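Asks: First to last, the protein sequences are chains A and B. The opening position of the first sequence corresponds to residue 1 in my numbering, with each subsequent residue numbered one higher. The opening position of the second sequence corresponds to residue 1001 in my numbering, with each subsequent residue numbered one higher.
Hints listed in this document are in silico derivations from the structure and should not be mistaken for laboratory results. Treat the hints loosely; a few may be bogus.
[Said to hold, decoys possible] As a list, the in silico SDA-like pairs of lysine to any residue whose alpha-carbon atoms are at most 25 Å apart:
1) B:K1089 x A:E201
2) A:K568 x B:E1109
3) A:K163 x A:A151
4) B:K1113 x A:L558
5) B:K1089 x A:L558
[Unchecked claim] Just so you have them, the derived chain A footprint on chain B, three or more residues with Cβ under 8 Å:
6) 1043-1054
7) 1070-1076
8) 1080-1090
9) 1154-1166
Model, not experiment: these values are computed from the prediction. Backbone N, C-alpha and C define an ideal beta-carbon position, used for all residues, glycine too.
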Amino acid sequence: MTPAIPRISLIWLLVAQALVILPHLAHLPLWFTGLWAFCAAWRLQIFRMRARYPNGLAKAALILATAAGVFWSRGGLIGLEAGTALLMATFVLKLVEMRTQRDALVLIYLGFFAVVTAYLLDSEMLSALYSVLPVTALLAAMVGLQQSRLAMQPWPTLRYAGKLLLQSLPLMLLLFVFFPRLGPLWSLPQPGSKGISGLAESMTPGDIANLGRSPEPVFRASFEGATPPRSELYWRALTLEHFDGRRWSQTPDLPVLATDSWQAQGQNLSYSILMQPSLQRWLFALDTARTDLPGARQLSDYRLVNVSPVEQPLLYRVSSWPQVVRDPELRPTQQRRALQLPAGNPRARELAAELKARYARPEQLVAALLTRFNQGEYFYTLKPPTLSGDTVDAFLFDSRRGFCAHYAGAATFVLRAAGIPARVVAGYQGGEFNRQGGYVQVHQFDAHAWVEYWLPERGWQRVDPTFAVAPERIEQGLEAALAEEGSFLEDSPLSPLRYRDVALLNQLRLAWDNLNYGWQRWVLGYQSEQQLGLLQRWFGEWDIQRLVIVLGGGGVLLGLLMALLLLKPWQQRLDAQQRVYRRFERLLARHGVARRPGEGARDYARRAALVLPQQARQIEGFAECFEVQRYAGIASDKGQLAQQLRALRRALPWRLSRLDDGETTR
Amino acid sequence: MFRDAYRQRWRQWLNRRIPPARAVQLNQRRIFILPTPRGLAFSVVLLLMLLAGINYQNSLAYGLTFLLLSVFHTAMLHTYRNLSGLMIKAAGVAPVFVGEQARFQLRLESRGKVHEAIACGWPPAPLQIADVPAEGQALLEIPLAASRRGWLRAERLRVESRFPLGLLVAWSWVDLDQAVLVYPQPLPGDLPLAAQVGLEDEDEGQRIVGRGADDFQGLRTFQPGDSRRRLDWKAYSRGQGLLVKDFAQLAGRDLWLDFSSLGGDVEARLSLLCHWVLTLDQRQQAFGLNLPGSRLEPATGAAHREACLKALALFGSASA
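Next up, chain A with everything else stripped away, as it sits in the complex (with noise of 0.2 Å):
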C-alpha cells in the first residue's frame, strides 16, 4: 500500500476538482451538482475523522445510483455527453474512497482528462485560458504529493507547479507547431447538437425574418487582396426550387457537379472561411466557388457542401469567379425543376402573363418586375403581417410588407408563371467589414433570399429584389434598412452589435472579434493544412526528413537550453565561503604562498603569517572569519568574509604577477 495522502496535495486535490467541474456544469444534468456537493462534504467529514470511507456496499450502490442517473438524462450510456458525464461522474465519486497515494493519482489523471474533454465541448479562447488554472492546481496536488518539507506549505507548492508550467512553454510550443497532425484516426461520437439556429433546408418567408434578430456569429472571411465592395458579397448556401405554396425546400439528392463542367474564366477571388458549426453540410462561398477542403463536393445548383455535417469550427480556401457562366444549357428535368409551381395564386399568374405579353425579353420582364417593387407602395419590414391562404397573392397584392425571402419568393414564383425558368437562392448578403483584422465578419441577422432566373446560353443570372425594395439592406446593411422601424436586434438588449454608434465600445468589440478570429484560425484551424501551409511558408518545402530536423533538432536544443538554465553547470560546485577562499589562496600564492596540498585552512594561514608577518593579522582575521563560518555553522555572511578579505588586499603591497615561489618558501 501505497503512502497516505498529504494535507496540502488533498487540499489542492479539491481545488482542482472544482476547478476542472466547473466549466462542466453547464453540460452536466443538475443532480450532478447535488453528487458533487454531497461527496465533497463527506471527504471532507473524512478528512475531519467525522465519517468513515464507504464500504463495498455503499460504493456499489454509489455507482449503479450514478449510472442509472446519466442513463436516464443522457438517454443512454455511450456517446460524447453520456461518455463525459460518466467521466465527470467517477471523477467525483473517486474523491470518496481516495485513501492511498494511488488513488489520488489516479483522481489527477482523471482530471487531466476532464479538461480535455471540456475542450471538446467548449474551445474558445476565454475557456482555454481558464483551463490553465485547473491543470496548475492538479500539478500542485501531484507536488503536494511529494514527501518533502513542500508538502505542509500550500503556496510554495503552488509556486512550484507554477513555474514547471512555465518552464515547459518553450518545448511545448515547439510540438504543437511542428507536430504533424494526423487526419482522424476512427470516428468517435461527437458533441451533440445544442440547436443552433441559422438557415434551414426549407423555409417559408418568416424563417429568415426569424434570423434576423439573432447577432449569433456564423462565419468569417478574410481575402486575399482587396474586400470586395459589399454589394458583391452574395454568400450562397443553398438554392430552394420546390414551392409548396407556402414553403420553399430544397431539391433532395441533387447529383454533384463534375469538376470540369466548368472553366475559370475572368476576375478571381481568393479567401478563407472560417465557419462556425452549423450541423449541416453547406458551406458559403461566393459564386463561383471551388474549395480545396478535403471531400467537399460541388453539387449541381452550384453550392459547396462539406462531407459531413459541420460540428467543429471549420476553416477552408476557397476560390471565386464571379463571371463565370453556370448552365449554359438546362437539362429537361432541371428545367422541369426550375418551372415548377403549385396551383392558386391567380392574381400573380396574372401579372405574370400581363408581364409576358408587354416584354418579349426576360431581362426586360424581370426589370419591370423589380420596377414594380421599387415604385410601388412597398416596405422591408422584419415583422412581416401573418398570411394565409395564396400567400404569393396576399404579399403582392394586399400586405405589401415583407422581408428578403417574401420578395425573392414572390419574384420567382412571378418569374416561373411567366415561363423563365427562376429559383431562390438562400445565403447570407454583405456582413460587417473589420478593418484591424481585415476580415468580414457575417451574423444570423445577414441572412438572405435572393433570386436566379435563366437565359440560354447566359445561364443562370442574380437578381435580388430586395435591393429594389430597400437598396440602403444591401450597401449598408441590415440595421440600415431597419432603421426607421427601429427593429434591429429588438431582443437582445444587451448584444454590443447594437451599440455600434458608441465609438469605444465598437473597437472594443471589433477589436475583440479580431483577438478570437485569430485564435479560431490559427490555434483551434491549426490541423494539417494550416500547419502544412505554415511550414511551407517557413521552409519552403516541407517533408518527413524536415520534420524529423527540426523537431529533433529543436527538440535537443531547447532540452540543452533548459538544462543548462535549470542546472547551471558553470557555477562550480564549489559555495559562495569556498569561492572567496578560492581568492584568498590565489592573492597569497601572488605573494608566494602557495597552500600545500592537503593543508588545513589554519596551519596554511598560520605558515602564511609567518611568512608575511606585517599583514599577520589580517591573514588570521581572514582564516578566522573563514572558520567560524564554515566550521562553527554560524550563518554565513558572505559579506562579511569578502571583507576581510579586502583588508588583507589593502595592508598587502600591490602585485601582478606570481612571486617566484623558490624566493619565500625557501
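Given chain A's structure and the hints, the job is docking chain B onto it.
Replies: Below, chain B alone, put in the same frame as chain A:
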C-alpha cells in the same frame, strides 16, 4: 548463475564508477534516472489525450498533451537537479548485538541548493526521507538488521529522489565504506563449575578498598562516570544531593571466562560468554577472557568490555 554473474559485473562496474568513500558527492556520473510506474501511467494518459486530440481534431487537446509532455521533460531536469550536488557522508554507527538493528548515521549536506525529499536506505526496506535545506544538512538514521556476528559491511546505499512530480526517479548507489561490529547475541545460561570458582563465596578473597560490586561500604558523592544504577535515589529525594552507593570489590582469584571450558557449538558458547561479559561488567567485577588464539587479562571498565566483545565478535574470522 547468470544472475550472479550479472550482479558481479554490475558491482564491479559500480565500484569503478562510484568508488567507495566516506563522503560522496552526487554528480552526473553517479546519477541514474528513469520514469517510475507513475510516470509510465502518466504517459498512457498522455497517449489517450493525444488520441482524443487527433480524433476530434482538437487543437487544445493537442496543446494540453504537449504541455504535459513538456512538463514531463522539465520534471526530469528538476528531479535530476534535486539529487545532483548532494553530499552524502557517513556519520558513524554504534556496535550492536546479533538480532538488533544497526543504526547507520548519514549526514546529507547541501552545497548550495535545496534538496527536497531525498530518500535513503537499503531496499527492500522502506527508505527514509529527509529534506536538506540550502547550505544546510540533514541527519538520517538508517536501520540495518544485524543477523551475523563479526563485521557487518553495509551494502551500497540507495539514494533516490522522485521530487517534484513522482513521475521520474533519479537514484544513485553510494558506498560509504561503512561497517558495524556485530557482537554475538547474549544468551543467559550457567557457567560450568570450573569457571564459576570466582563466583562462589567459599574462599573469600581479600577485601580491598576501591570500587567493586561485592560489598556495600557506604555512600559517596556522585562523580561523572559513576553507574546510574548505584545512585541512591532515596537520598536524592531527601534532598541530600546525588549520592552513590559505594561497593568494595572482593579481589579474589581472578575470574576467567574460558571458551574451552564450555560445551555446545561455537556460536552458543560465544553467546554465553557474551552474556557473562555483560553481566560481569555490570557488576563491575574483574574478569579475563580466554579464547583459543587470544587471551584478555582480567580487568574491569568499558574499554575492557568493548575489547572482550570485539574479540567475541571477531572470533574465528580472519581479521580477529
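Asks: If a hint holds in the structure, say so; if it does not, say that too.
Replies: Hints, verified against the model:
Distance check on the hinted pair: K1089 (chain B) and E201 (chain A) sit about 81 Å apart at the alpha-carbon level, beyond 25 Å; violated. The suggested pairing of K568 (chain A) with E1109 (chain B) holds, with an alpha-carbon distance near 19 Å, which does not exceed 25 Å. Straight-line distance between C-alpha atoms of K163 (chain A) and A151 (chain A) comes to about 17 Å, which keeps the hinted pair within the 25 Å bound. Taken as a hint, the K1113 (chain B) and L558 (chain A) pair is honoured in the structure, with Cα atoms around 24 Å apart against an allowance of 25 Å.
For the hint linking K1089 (chain B) to L558 (chain A), the alpha-carbon distance of about 35 Å lies beyond 25 Å, and the restraint is violated. Coverage of a stretch by a chain is defined here by at least three residues with a beta carbon nearer than 8 Å to that chain's beta carbons; for the segment 1043-1054 of chain B and chain A the count is 7, and the condition holds. Interface restraint, the segment 1070-1076 of chain B with chain A: holds (5 residues with C-beta to C-beta distance below 8 Å; minimum three). Under the rule that three or more residues need a Cβ within less than 8 Å of chain A, the assignment of the segment 1080-1090 of chain B holds, with 4 such residues.
Residues of the segment 1154-1166 of chain B lying with their CB closer than 8 Å to a CB of chain A number 5, which satisfies the three-residue condition for coverage.
Hint compliance for this structure: hints 1, 5 are not met, and every other hint is.
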